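Chemist: Each chain, written out:
There are 2 protein chains.
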Amino acid sequence: MNQQTDHAKSLDAELFQTRLLSFVNAISGFVHNISNPLTLITTRVQLLNLKMPQNSEFEKMANQSKIIVSMLNNLAYISQNIVSTEIKSLNINELLKNELTFFRTDTFFNHEVKKNYQFYPNLSKTKGFYFHVSTLFFCIMHLQLFLMRDTAEKTISVKTSEKDNNILIDISGTGGMLSDKEVNQICLKSINLETEDIKPRQLLINNLIKSHQIIPGNYILTIKSDHDQTYYQIAIPIIHE
Amino acid sequence: MNQQTDHAKSLDAELFQTRLLSFVNAISGFVHNISNPLTLITTRVQLLNLKMPQNSEFEKMANQSKIIVSMLNNLAYISQNIVSTEIKSLNINELLKNELTFFRTDTFFNHEVKKNYQFYPNLSKTKGFYFHVSTLFFCIMHLQLFLMRDTAEKTISVKTSEKDNNILIDISGTGGMLSDKEVNQICLKSINLETEDIKPRQLLINNLIKSHQIIPGNYILTIKSDHDQTYYQIAIPIIHE
Numbered sequence: 001m002n003q004q005t006d007h008a009k010s011l012d013a014e015l016f017q018t019r020l021l022s023f024v025n026a027i028s029g030f031v032h033n034i035s036n037p038l039t040l041i042t043t044r045v046q047l048l049n050l051k052m053p054q055n056s057e058f059e060k061m062a063n064q065s066k067i068i069v070s071m072l073n074n075l076a077y078i079s080q081n082i083v084s085t086e087i088k089s090l091n092i093n094e095l096l097k098n099e100l101t102f103f104r105t106d107t108f109f110n111h112e113v114k115k116n117y118q119f120y121p122n123l124s125k126t127k128g129f130y131f132h133v134s135t136l137f138f139c140i141m142h143l144q145l146f147l148m149r150d151t152a153e154k155t156i157s158v159k160t161s162e163k164d165n166n167i168l169i170d171i172s173g174t175g176g177m178l179s180d181k182e183v184n185q186i187c188l189k190s191i192n193l194e195t196e197d198i199k200p201r202q203l204l205i206n207n208l209i210k211s212h213q214i215i216p217g218n219y220i221l222t223i224k225s226d227h228d229q230t231y232y233q234i235a236i237p238i239i240h241e
Numbered sequence: 001m002n003q004q005t006d007h008a009k010s011l012d013a014e015l016f017q018t019r020l021l022s023f024v025n026a027i028s029g030f031v032h033n034i035s036n037p038l039t040l041i042t043t044r045v046q047l048l049n050l051k052m053p054q055n056s057e058f059e060k061m062a063n064q065s066k067i068i069v070s071m072l073n074n075l076a077y078i079s080q081n082i083v084s085t086e087i088k089s090l091n092i093n094e095l096l097k098n099e100l101t102f103f104r105t106d107t108f109f110n111h112e113v114k115k116n117y118q119f120y121p122n123l124s125k126t127k128g129f130y131f132h133v134s135t136l137f138f139c140i141m142h143l144q145l146f147l148m149r150d151t152a153e154k155t156i157s158v159k160t161s162e163k164d165n166n167i168l169i170d171i172s173g174t175g176g177m178l179s180d181k182e183v184n185q186i187c188l189k190s191i192n193l194e195t196e197d198i199k200p201r202q203l204l205i206n207n208l209i210k211s212h213q214i215i216p217g218n219y220i221l222t223i224k225s226d227h228d229q230t231y232y233q234i235a236i237p238i239i240h241e
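Order-wise, the sequence lines are chains A and B.
In this text, residue positions in the first sequence follow the numbering used here: the first is 1, and each later residue adds one.
In this text, residue positions in the second sequence follow the numbering used here: the first is 1, and each later residue adds one.
For the record, the hints were derived by calculation from the structure and aren't laboratory data.
Keep in mind that a hint or two might mislead.
Unchecked claim - Straight-line alpha carbon distances no greater than 25 Å define the calculated SDA-like cross-link-like pairs of lysine to any residue that follow:
1) K66/B / K154/A
2) K97/A / Q17/B
3) K60/B / K154/A
4) K154/A / Q233/A
5) K154/B / H132/A
To be verified - Here are a few chain A residues that face chain B, going by a calculated C-beta distance under 8 Å:
6) L15
7) L20
8) V24
9) L95
10) N98
Said to hold, decoys possible - Just so you have them, the derived chain B footprint on chain A, three or more residues with Cβ under 8 Å:
11) 39-50
12) 58-69
13) 161-168
This structure is a prediction, so every number in the text was calculated from the model and none was measured.
Even for Gly, the Cβ is constructed at its ideal location relative to N, Cα and C.
Assemble the whole structure, with the sequences as input and the hints as a guide.
Modeler: Here's what the structure looks like:
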């Protein structure tokens with residue numbers, strides 16, 4: 001009887017993961033299907049805009065449709081890469097731009113946080129797991145958004161550069177680092193992802209903050225913090241194809 | 001050292017699930033954000049259509065924008081409900097319509113399968129887990145799509161009705177049931193979800209087909225099969241609020 005229950009539980013967990021994964025994998029098909037009616041509208045709007053350039057309505061509509069197309073491209077990019085654990089060519093600027101665009105689905109980040117991006121234009125490509133780089137970045141962003149919830153000024157800066165055969169991602173944000181005591185208090189809470197989830201932060205905190213330096217794969221993450229600001233640097237070795 | 005590796009593995013698995021879940025949860029925000037530029041276009045198109053009803057272009061554009069809006073609503077509905085394991089009011093017709101619309105992200109289902117739907121208009125609501133009903137349906141659909149890959153005619157029928165205080169979902173499709181031998185052969189394969197995944201089918205096969213009757217929660221699933229056609233019936237007891 002107990003065995004049956006355990007079996008049902010592990011089946012449920014497996015089906016849960018299967019459905020999450022199938023949803024993520026279905027997004028390409030969704031974007032493909034929605035592109036048909038969208039292209040029809042976009043093409044007509046562009047045609048009308050060419051025919052009647054004096055009518056600013058059509059120009060506005062053409063611009064809005066470009067925004068829609070770029071949001072759908074972002075959704076497709078994230079869904080195709082988010083769980084990719086194959087070693088492949090990584091364009092770190094492209095990865096960060098897409099992850100940051102997708103972070104705009106978070107209302108707080110979208111509306112209340114000032115963003116400051118500097119992407120080094122000639123950044124080398126490297127090889128690695130999309131999942132590792134993006135998850136490290138995802139965890140840092142979640143921690144940082146949490147740290148700045150109550151700060152007066154809310155600014156996140158993301159910058160890429162190259163040094164000593166490494167790609168450097170520098171992230172900084174307003175809001176000071178949590179103390180060990182606060183970390184422990186937070187870890188005791190169990191809060192839902194949809195509202196105030198502590199899970200990714202907790203994982204990060206447990207694994208990163210206590211040591212203030214970890215090496216996932218070959219990446220080096222360093223965290224520094226003063227009263228008002230926290231600084232993170234991810235160093236990714238450049239591996240040529 | 002081994003412990004460290006195990007710990008890293010379980011951390012990876014947890015982060016994997018966290019990221020899948022956060023992607024699914026982010027979809028509401030995505031739909032919200034994309035609605036702004038879309039509403040701008042839709043409103044202008046509708047206005048132009050009212051001003052110039054003789055111009056069929058605007059009517060076509062208005063219709064296409066309605067399709068886009070309904071696809072986005074479907075995406076939001078699925079993302080909000082897919083992993084819901086709280087007991088709540090279930091509108092089975094609405095659930096099936098949305099799941100079937102979302103199945104159109106599958107190219108084979110969208111383009112090659114004839115669909116036949118009959119939704120009983122006065123179907124009672126019931127209470128239960130969205131996840132259970134939809135996952136049962138999801139597994140049946142995946143099995144059925146697999147069974148009809150090579151059949152000449154490809155038709156799926158979905159019908160709802162009520163009988164003896166139960167909501168009945170009748171699904172049938174062209175393609176006969178797999179034999180036990182075939183089931184075992186399929187279970188030995190390990191194929192990726194994106195191409196020819198056998199995982200949901202395998203779970204279904206392991207748990208449903210061998211007995212030809214299971215009861216997940218209080219639902220009863222019966223499967224009958226002849227040479228050319230397979231029939232599934234899910235009976236869900238009506239629980240009043």
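Chemist: Are any of the numbered hints broken by this structure? If so, which, sorted upward?
Modeler: 1, 3, 5, 9, 10, 13
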